Each structure stands twice: as structure tokens, then as C-alpha cells.
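These protein sequence lines are chains A and B, in that order. Take the first sequence: its position 98, counted from the start at 1, is 98 in the working numbering, and no numbers get skipped. Take the second sequence: its position 133, counted from the start at 1, is 381 in the working numbering, and no numbers get skipped.
If you are wondering where the hints come from, they were derived from the structure by calculation, not from laboratory data. Among the hints, erroneous ones may be present.
Stated by the list, open to error - Just so you have them, the derived chain A footprint on chain B, three or more residues with Cβ under 8 Å:
#: 1; stretch: 374-380
#: 2; stretch: 432-441
#: 3; stretch: 447-458
#: 4; stretch: 461-472
Said to hold, decoys possible - Examples of chain A residues toward chain B, derived with CB under 10 Å:
#: 5; residue: G130
#: 6; residue: P132
#: 7; residue: I160
#: 8; residue: I162
#: 9; residue: S185
#: 10; residue: G186
#: 11; residue: I187
#: 12; residue: I197
#: 13; residue: N210
#: 14; residue: Y213
#: 15; residue: G217
#: 16; residue: F218
#: 17; residue: E219
#: 18; residue: T221
#: 19; residue: A226
#: 20; residue: D230
As the list claims (entries may be wrong) - Distance condition first, Cα-Cα at most 25 Å in a straight line; then the derived DSS-like pairs of lysine-lysine:
#: 21; chain 1: A; residue 1: K41; chain 2: B; residue 2: K413
#: 22; chain 1: B; residue 1: K413; chain 2: B; residue 2: K436
#: 23; chain 1: B; residue 1: K436; chain 2: A; residue 2: K41
#: 24; chain 1: B; residue 1: K413; chain 2: B; residue 2: K439
#: 25; chain 1: B; residue 1: K420; chain 2: B; residue 2: K394
#: 26; chain 1: A; residue 1: K233; chain 2: A; residue 2: K64
Here the structure is a predicted model, which is why all the values come from computation and not from measurement. Just so it is clear, CB atoms sit at the ideal spot from N, CA and C, and this is done for glycine as well.
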Amino acid sequence: MLIDAHAHLGTSLFGVENSLEDLLASMEQNEIDQAILVPLKPRDYHFGPENDRIAAAVRATVGKFFGFARVDPWQGQAAVDELRRSIDELGMIGLFLHPFEEQFAANDELSFPLLEVLHESGLPLMIAGGYPTFSHPSQIGDLARQFPDLTIIATHGGQINISGMLLADALRTMQANPNVIMETSGIYREDFIEDTIAELGAERVVWGSNAPYMDQGFETTRVRMAHLSDAVKTIIGRDNLRRICRLN
Amino acid sequence: MIIDSHTHVDESPVLGWSDPPEAIVGLLDEAEISRAVIMTYRDAPGPEERVLEYVAEAVQKYPDRLIAYARMNPRFGDEAVELFDRAIREYKMRGLKLHPVGYVMHPASGPTLDLIRHAASLNVPTLFHCGDEEFTMPLQIAEAAKLIPEAKIILGHMGGYFHVKDAIRVAKRHPNLILETSAMPYPKLIKEAVDTLGAERILFASDGPGCDPSIEVEKVLRAGLTSDQEALLFSGNIERLLGLADA
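Okay, chain A solo, but in the shape it has when bound:
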């Protein structure tokens, strides 16, 4: 039983795409049972129809998918309205923010009105973590410190740096903020997953793929081939997401 915390659907401005058919085929081939769907940034820059697309996919496949809304914080009140619509009318169970693609700093006050909505609704934030300039792990930590009751899922372990130069900050962010959960897609390196679980507990890690930017099948190996017990693999591959997102 594997739930993908982070699979994108749609056609991206940035040259990748993932149709519902392709995603379902990949999930079947790779024995992934469920997934949280997140919009890609479309060529016309409008997230509203993309949130509708996610909601339609969730409705069309009963019990298979859950939706996270995506908005651009630079849209101000319109973004807040779209988030409320996504929660109230579309049944979305969280918000996805991509500071790198939407060009805002993870800890900028710009997104705070959105986070207040999440706080009121008791829903989690997933944030694209570790991107240069926009979502450095220390910026995610600064955000998490100001919203201690908000669960924040940081993708890529909160660090994308193949020199390992962000590992120390990612770990500090996790240590200082119990509300930060790390997602494993594309992560540098496997021992960061294993060491973080040893130090902070398996409850702090969820498996996700970041498909189609990353390879959903290959990403499963980061759980399936990890030096972890089957019980821990089930916790990070399924149970944590069920708890955080109140799935079922």
C-alpha cells in the first residue's frame, strides 16, 4: 500500500505534462494505490480551471485521489477567494504552493492570508522545498515558526542541492519545527531520509514522487529499497499521509 503525496496533473508551462490516463497507468504499473493530485502551472497561468481539473479527476475515480488546490499568492485577494472556493466547493484537502514557479519567497508575508485560511480550516500546506532563492530550508523554517499549528509538507526534504550544502539547514528546520514534514521526491540523499527518521521519528516523513517532473516509478525505490523496517515503510508510505490529511 503506497500513497503518493505529490503527483501533478495537467500540462505545464514548463514543458511537462501528465494526463489522468498516464498517471493511472503509471500507478498501476508501479503498484501505487492512491495519490494526492496537484495542478501543474498551465500555459495561460490560470490555476482556477486547473483546480477544477483536479476536482474532476478526484470525482471520476472514487477513493483513488485527493486534491490539493494551487494558487499564486501574487494574485492577492483573488488567490484567497480561489483557495476558499477550492476548499468549500471542490472539496480540496490542502494547499500547494510553489515559490520557485510563482516567484515568491517561502517566508514572505504575501502568502500569509492563504495560510490563515488553512489555519481556520485545519488543512495542511505542501510547499516546493529547497529551490534556490525562493524556498531555502531556512526560509521554510522561518515560515513554520510563524505558523506552529499549520502542518507544512516540504517537498524534496526541503532541500535540492547535490553538494549536500542544504542538508544541515533542512535538518535544523525539521528539528526546530515539529509541524514540518518532509516529502522524499528527488531527495539528496537516501541517508538523509534514514537519519532523519532515526533522530526525529518516522512520523516526520512522507513518500511522494513529484511526477511528472520526476519519475514516479523510480521514486518508489526511495521507500521500497530503503534500509527501514516494513513497519516504518508503511508509516512513511501510507499512514502519515492518512493522519495528516485525514484520508478515508
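Guided by the hints, dock chain B onto chain A, whose structure is given.
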């Protein structure tokens, strides 16, 4: 057969790092990898003594499994070149490793070129850490490749998360550049590199023990290569590059 072209051994209490040779050898066993190129995380010369000796002793402990590269700090100028020469001639190391994040110099700076040129004169390759940061990006390392066409230069991590396309572009321009697959997360781009450059130009590596060699093998197997191409990536190319078959 599989040979891993980039792994690490090192112990430094002051940095809080401990990856003794047993760590990588255990992971190689799990992944059914026959041999691995090892190097330290620390540069030599540096604030701590016996860095190259640590690698040499690891090879002495596992002579059938481990092959050493000397990781050097070009800021020491002639002293670094002399020490590197000794590493190759006396310690029988097989290559030069450079990680510009550790010593903060451009890959085409004079002292760096001196080391690369010396490696070429000894007929051993230079492995650069090649990722997304200043002094490690493909276009920067390509300047060194252009200036020393006789040097075989390996782009470790083949450009990291954001610079793989650049790594493929510069390797197309400079036939002395070789790409290496470790740690980057894109099986599709390994296939693209093979299709663009030829399988002879790509090496399999894991960057273990931090990255799991079993997972890194799986990544290459998922790239959709032919079995002949896989054989070159997994062992043929590094055997040819280091003359392992003749040893």
C-alpha cells in the same frame, strides 16, 4: 559486472562525518557491485593530516574492491601538484577529484588547470563535482575542458538538479568530457545523454554511501537503455578509462 565510478570514504570528527570503508563496501555487496572508485570528502592538502593516506589505507584493506582518486585543493599550488603526483605514482591512485565548493576557485583557474594538466600527463582522469552551484556548473567546467583537450574530465552528477541539459550541451562540444550519473533524479535524462552523446561517454556512479548504490543502479536500469549500452555504463567505460582490464 558493475563498477561504481564515484563513492566516498572518510572520517572527520571535527566535521562530524564518519563513512569508514566498511560502509561503502557493505552497500556495494547489497547492490552486487564488484568494485568502486573511492575518494574523501576532504581535500588535500588541508587543515587535517593524512587525508590521502586514509584513502590509500582503505584500498589496502579492500584491494579487490576499491580504487582510489586523490581529492585535491588547487589553492596549495605547486604543493598540491607535487602531492597529487605522489598519490598517483606512490599510492597508485587512478584519478584526480575536484570539488570547487570545498576550496572556492573557478574550474578554469590557473592552479586548477595545473592539476588537471598534470593528471592528463599521468594519463589519469579528473572527476569534477558538477551541480548547480557557483564553480561547479557544466559551462564553467567546460572552460577547463576546452583549454586542456587532452584531459579526460568527468562531470560528476552530470549537472545535478538544474543543469543536466547544460552538461549534455557542453559534452557535445568537447569530446574530452564524460558524464556520470550519480544522485541526479532523472532516468529519462540518462537516456537523453546516451542518445545524444553515445553510451561510451556516460559512467554509472552512485555517490554512495550517502546515496544508496542499489537505488542508483535501479535508476540506470529504468532509463530504457539497451543491454549493450548498460554494459558500457556499468563497467566497460570505466574499465577502458582507467585501464582496469590491463591491470
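Quick rundown of the hints versus the structure:
1. 374-380: holds (count 3)
2. 432-441: holds (count 5)
3. 447-458: Three-residue rule met by the stretch 447-458 of chain B, so holds; n is 3.
4. 461-472: holds (count 5)
5. G130: holds (9 Å)
6. P132: Hint on P132 of chain A: holds, closest Cβ of chain B at ~7 Å, below 10 Å.
7. I160: holds (5 Å)
8. I162: With a minimum Cβ separation of about 4 Å from chain B (threshold 10 Å), the hint on I162 of chain A holds.
9. S185: holds (8 Å)
10. G186: With a closest approach of 4 Å, the G186 of chain A hint holds.
11. I187: holds (8 Å)
12. I197: Not OK, violated: I197 of chain A not within 10 Å of chain B, min 14 Å.
13. N210: holds (9 Å)
14. Y213: holds (9 Å)
15. G217: Check passed: Cβ of G217 of chain A comes within 6 Å of chain B, closer than 10 Å.
16. F218: Holds, about 5 Å.
17. E219: E219 of chain A check passes; min Cβ-Cβ to chain B is 8 Å, inside 10 Å.
18. T221: holds (5 Å)
19. A226: holds (8 Å)
20. D230: violated (17 Å)
21. A:K41 with B:K413: holds (21 Å)
22. B:K413 with B:K436: holds (12 Å)
23. B:K436 with A:K41: holds (21 Å)
24. B:K413 with B:K439: holds (12 Å)
25. B:K420 with B:K394: holds (12 Å)
26. A:K233 with A:K64: Holds, at roughly 20 Å.
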